[in-house]
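Student: The chain contents come next:
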Amino acid sequence: MDFVFSLVVPAILGSVAVFALARKVDVFDALTTGAFDGLKVMMNILPALVALLTGVYMLRASGALDALTSLCRPFFSLLGIPPETAALFMIRPISGSGALAVGSEIIGRYGPDSLIGRTAAVMLGSTETTFYIIAVYFGAAKIKKTRYAIPAALCADLAGFIMASLSVRLFFK
Amino acid sequence: MALAWIWTIMVAFSVVFGLLSGNIDAVGKAALDGAGAAVKLCIGICGVTCLWTGVMEVMRRSGLAGGLKTLFLPLLRRLFPDSSNNKDAMEAVSANVSANLLGLGNAATPLGIKAATEMARKAEGGVATDDLCMLVVINTASIQLIPATVAALRAAAGSAKPFDILPAVWVSSVCSVAAGIIAAKILKRFWGK
Chain R
1 MDFVFSLVVP AILGSVAVFA LARKVDVFDA LTTGAFDGLK VMMNILPALV ALLTGVYMLR
61 ASGALDALTS LCRPFFSLLG IPPETAALFM IRPISGSGAL AVGSEIIGRY GPDSLIGRTA
121 AVMLGSTETT FYIIAVYFGA AKIKKTRYAI PAALCADLAG FIMASLSVRL FFK
Chain C
1 MALAWIWTIM VAFSVVFGLL SGNIDAVGKA ALDGAGAAVK LCIGICGVTC LWTGVMEVMR
61 RSGLAGGLKT LFLPLLRRLF PDSSNNKDAM EAVSANVSAN LLGLGNAATP LGIKAATEMA
121 RKAEGGVATD DLCMLVVINT ASIQLIPATV AALRAAAGSA KPFDILPAVW VSSVCSVAAG
181 IIAAKILKRF WGK
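From first to last, the protein sequence lines are chains R and C.
The first sequence: position 159 = 159 (the UniProt record's numbering), numbered continuously.
The second sequence: position 182 = 182 (the UniProt record's numbering), numbered continuously.
No lab work stands behind these hints, which were simulated from the structure alone.
Treat the hints with care, as some may be off.
Claimed, not checked - With the Cβ distance kept under 10 Å, some of the chain R side facing chain C (calculated, not the full set):
{"id": "1", "residue": "D2"}
{"id": "2", "residue": "V4"}
{"id": "3", "residue": "I45"}
{"id": "4", "residue": "P47"}
{"id": "5", "residue": "T69"}
{"id": "6", "residue": "T119"}
{"id": "7", "residue": "L158"}
{"id": "8", "residue": "G160"}
Where a beta carbon is used, it is the ideal one built from N, C-alpha and C, also for glycine.
Just chain R, with the same shape it has in the complex (with noise of 0.2 Å):
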């Protein structure tokens, strides 16, 4: 399996790099102008990302959020998700760079390859900042009554983080 995962991003290069070739895409100038693009959305986040890794870093450093994984204890472990992950998992639905910033803040502290570490990367990697979306789509085309749509892509988030934890603990044991 090891194998593979070294293979992805090289492989993930290569096929896409001949195939646009193939169709006679200028490869170098759409990389170069999509890392630019990048580089932009990098920018567009730093402030934010100062903002809300001091707000972390406090939270961790006065220890309420060692208090807020105890408190979350309980019910954490009866879904099997990690109390660790309980800031992440109420920051995730609502803002995108908060997530970011929790997360790579769990990341870093657990490490990247414990069990805590990959799950919250995997939360991350699994679900989406819900209320954003549902404001920009219900926004766009002027929808006030909501009805259903917020419970039900809560269900989707809540699946997503229970799965998170199950496949992290059966796929690295």
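The hints should help you fit chain C onto chain R, whose structure is shown.
Tutor: Below, chain C without anything else, positioned relative to chain R:
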């Protein structure tokens, strides 16, 4: 405004909690550390993120999303029964789903908005239709094949194999989308118009 509240709560809570627990020295130091860590984080994930947005642009220009789009159309017709004969809406939804799958976030949102405005033609008095709810649900449940930002985050933190979480991400994503769709189908029956 949500972030204004979140940030204020985080900081105010830290100060109060720090004072009560006697950790206030650490809180003061952490405030400065956090700001520096944010810049370090950005630099750490910047390379992979830029490389990946570059690859996405190559994918976009080579029309890879277009191929995926036709693949999804029949499946999506079943998910959006009321819009299945609205060609513009279905085109936009399948382009939106393919862009999400490939991780083309910048392309996915305008397509999703186009689909939403098309579907909203059937919405009366600003009330979401079943199709609109479904559109939001499948967009809020992330369905990304290669979660590049997360991999970059793990690589920056020194992971041995940043991409070894892929199977776990796929399983979780599929379950989360399925749970969202099932929840929407069930709630549809009980919720009034």
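Student: At a threshold of 10 Å, is the proposed contact between G160(R) and chain C supported by beta-carbon distances?
Tutor: holds (3 Å)
Student: Against chain C, run the beta carbon of T69(R) and see if the smallest gap drops under 10 Å.
Tutor: With a minimum Cβ separation of about 13 Å from chain C (threshold 10 Å), the hint on T69(R) is violated.
Student: Restraint: P47(R) near chain C, CB-CB cut 10 Å. Satisfied or not?
Tutor: With a closest approach of 9 Å, the P47(R) hint holds.
Student: A closest beta-carbon separation below 10 Å is what the hint needs, so does L158(R) meet it against chain C?
Tutor: Status holds, d = 7 Å.
Student: Was the hint right that D2(R) lines chain C, CB cutoff 10 Å?
Tutor: holds (7 Å)
Student: Hey, does the V4(R) contact hint survive, CB to chain C under 10 Å?
Tutor: holds (9 Å)
Student: Is the interface hint satisfied for I45(R)? The criterion is a beta-carbon contact with chain C at less than 10 Å.
Tutor: Since chain C brings a Cβ to about 7 Å from I45(R), closer than 10 Å, the hint holds.
Student: Would the hint on T119(R) stand, with a C-beta cut-off of 10 Å toward chain C?
Tutor: Since chain C brings a Cβ to about 9 Å from T119(R), closer than 10 Å, the hint holds.
Hint violations for this structure: number 5 only, all remaining hints satisfied.
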